[in-house]
Amino acid sequence: MKRILDIGHTDLRLFLKHKSAYVWLFAMPLAFVYFMGFANHGPGKPYNRTPPVLVENADTNFLGRIFLDELSSQNMWLLDPTNRETAARVIRIPADFTSRVLRQQQSKVQFLRHDASEEADAALIEVRLVRALIAMNGHLLEAATATNLPGTLTEEKLRAVMARPNLVSLNAKFAGRKPVPSGFNFSLPGNLVMYLMMNLLIFGGATVAAERRNGVIKRLMVHPVTRLELVMGKIYGLMLLGVVQIVFFLAVGKFLFHVNLGANLPAVTLTLLVFAWVAGSLGVLVGSLVAAHDRVTKRPTRIRLKPWWDRWLPRMIA
Amino acid sequence: MSHLKIEHLSKTFGAIRAVDAVSFEVRPGEIYGLLGPNGAGKTTTISMISGLLKPDAGEVFVGGKPFWSNPQQAKRIMGVVPQELAIYEELSGRENLEFWGRMAGLSSSEARSRAVELLESLTLTDRAKDAVKTYSGGMKRRINLGCALLHRPKLLLLDEPTVGIDPQARLNILEFIRNLRASGTAILYTTHYLEEAETLCQRIGIIDHGRLLAEGTLSELQERLGGDRVFVLEADFKDASPDNWNGFHQRFRIIQKSERQLVVAAVGTRDSSECLKDLLNLPVRVENVTLKRPSLNDVFLQLTGRELRE
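So the protein sequences, as listed, match chains E and D.
Going by our numbering, the first residue of the first sequence is number 1, and it counts up by one from there.
Going by our numbering, the first residue of the second sequence is number 1001, and it counts up by one from there.
Some hints could be false.
The calculated DSBU-like cross-link candidates involving lysine-lysine, where the alpha carbons are at most 30 Å apart (straight line), are [said to hold, decoys possible]:
#, chain 1, residue 1, chain 2, residue 2
1, D, K1277, E, K218
2, E, K218, D, K1154
3, D, K1292, E, K2
4, E, K2, D, K1238
5, E, K17, D, K1133
6, E, K108, E, K157
It is worth saying that the hints were derived from the structure and are not from the lab.
Source: prediction; values computed, not measured.
Construct all of the structure, not just a fragment, from the sequences and the given hints.
Structure, rendered in structure tokens:
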């Protein structure tokens, strides 16, 4: 046991002697978490997303404007027409909307799907649209039947009704599923497991391959160290490296990015430790299979950077 | 009782017989040199002795007990200095010594105090805290050697410990090894440097193509060539045929013959001047004759038909 701890502690010390370790353990993950979180930062809060909607209001009269206000009061994110490409749905208000409603005729408001939008976003918009329509109908009904607002329905009368406090309100939120993470809530856990796997595989594989090449592994084996102690020591060292990374990510997530770490932090930590154990074991396996340490480091770095150049950088520039 | 004894040790890699029935022993306070060119089987022999390779045949006894009956126990009394610099270059000299000491079974405090002693002995105290990667080649070699000595091994296996360092650093290491021998450590020293084997080792085994061709003290090996009388003749030997020279093979043994040089050892106990007279009377026009003590290279030449340096 003592030798396992010695090998592990020495390996951790060796990892931390490399400047590149600080880059890959701290600097790069931090940058990736920030940029990916920034790029993926969805509208609204994770537990109450507000996907963007484009409203094409052809009605120049007051009911079109009031309908827009009703949509806004339902936390609908109304886009400027110049950003129409990012809209999840389009709502089209016809030009005769006010006149038909005032004539007590049905008016057809179009609700159009944007091809690239997600179903979940569309559902959220639809719910808000229905709520806005119900609210508007309620306000119209109240204005039409109000005894103290005689004469034709005008914008002033309707806004006066809308300004009154609601006698009954419904505070609704989504149930039955966990919040859809976005922003740092999305990028931090994703980067944590990705960097944990990548670093333990690369550091583990490269270290074991290099030690095989320069004779350190052989030298360990001519000491009274069993094979089991050697393998466990190597995995333990990588586990310690994983712990450093996990603690860094969780601390940064909690205190810098204010990420929701879940209701059961010990269980999350235990899961991450098991993940680190598996990744460390794979790293040792890779190191024992490849001939040279540079074969371990080159390929994953290329693979790792490709999505960055292909996807994230153009998005960030745009 | 010898600290190391190997009997008929053999190892084959595919079609190559790397070590072929090698037997020798190393006694306490003795440096046994295993001399041979690169690829002779020295490192394979050391790998089998240290447990890195399992022999196909033969037995290794460490401290009188078969190695494979209790490898961990055998490794506790053994120190191995590999040919390559198998140390952590990012760690300091002291950290390296302490780590390898703990691997050898010392407690942390024992490893610390032994590291201080060894740094002193290896004259590395001034650089103890510096990373090994900043050391010179000779200093790295000394640390490489020191890492095998933390637990005061009774048996030390040194696999070409002076490869690639300058003469001064080599002398320092050889002096350190002599001191170890004086303290009673049994040392197996593999080398392909003739001078090291001649000046350092009490007994020498000459190995080539996996076979131990001869062993003994330097003088015993020299005796095989006729004591201290080896003659180097320079002449035009292109068309010369020693087989036709009357009684030549009864008086001299040919060690090497080339177009310009003939190296012979005198047979029997005749006086050197008589031998010289015989050589000058050969039916060739001798331009120069040198009398010298036979070197290990001459022994190797006689045993293998080629020079060790080839």
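Verification of the supplied hints:
1. Between K1277(D) and K218(E) the alpha-carbon distance is near 58 Å, which puts this suggested pair outside the 30 Å criterion.
2. Of the pairs offered as hints, the one joining K218(E) and K1154(D) holds, with about 20 Å between alpha carbons and a cut-off of 30 Å not exceeded.
3. Using a Cα cut-off of 30 Å, the hinted pair K1292(D) and K2(E) is violated, with the two alpha carbons roughly 58 Å apart.
4. Straight-line distance between C-alpha atoms of K2(E) and K1238(D) comes to about 69 Å, which puts the hinted pair past the 30 Å bound.
5. A distance of roughly 12 Å separates the Cα atoms of K17(E) and K1133(D); the hinted pair therefore holds under the 30 Å criterion.
6. For a cut-off of 30 Å, the pair hint linking K108(E) to K157(E) stands: about 24 Å separates their Cα positions.
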